[in-house]
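Trainee: Sequence:
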Amino acid sequence: MTINHTDTELQATAAPLNRRLGRHGMAGDVLDIRQRNRRVLEEARSAGLIGTTKDTRISARVSSKLREAAKRRAGVTGDSELIELALVKLALEDDFGARLVALKGTLSSDIEFDF
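Numbering (this note's numbering), first residue to last: 1 to 115.
Honestly, the hints are just simulated from the structure, not real lab data. Possibly wrong hints are sitting among the right ones.
[To be verified] Listed next, with one range per pair, are the computed distances between beta-carbon atoms:
#1 49 / 69: 17 to 27 Å
#2 69 / 43: 47 to 57 Å
#3 103 / 66: 28 to 38 Å
Don't be surprised by glycine CBs; every beta carbon is placed ideally from N, CA and C.
Could you put together the complete structure from these sequences and hints?
Mentor: This is the structure we're talking about:
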């Protein structure tokens, strides 16, 4: 999958989408999502996860409401784009949350912070 839209093109498509989402005047929301997704895809390409031969086919039945909501949220139009982006995000997901929770209570109570 390749997302090669200019920022101007993204802004032009973001405004109507944000209106549908109830975010009047916030074209940057969808633009930010698409830019973030583009960076995630670039990271996946660098890791060798995408950009090579596509040799697997996935087929699934899901709720049309879920599919459309996910497409809107991701800023993509095609099912293949959506599935690839979702898989990339899962494959690259870090364990920051789990590591943060594991640190609970490890900071000494006598530490002084200078603010």
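Trainee: Hint by hint, note whether the structure agrees.
Mentor: Cross-check of the supplied hints:
no.: 1; hint: 49 / 69: 17 to 27 Å; in the structure: holds, 25 Å
no.: 2; hint: 69 / 43: 47 to 57 Å; in the structure: violated, 24 Å
no.: 3; hint: 103 / 66: 28 to 38 Å; in the structure: holds, 34 Å
In this structure, the one hint that does not hold is number 2.
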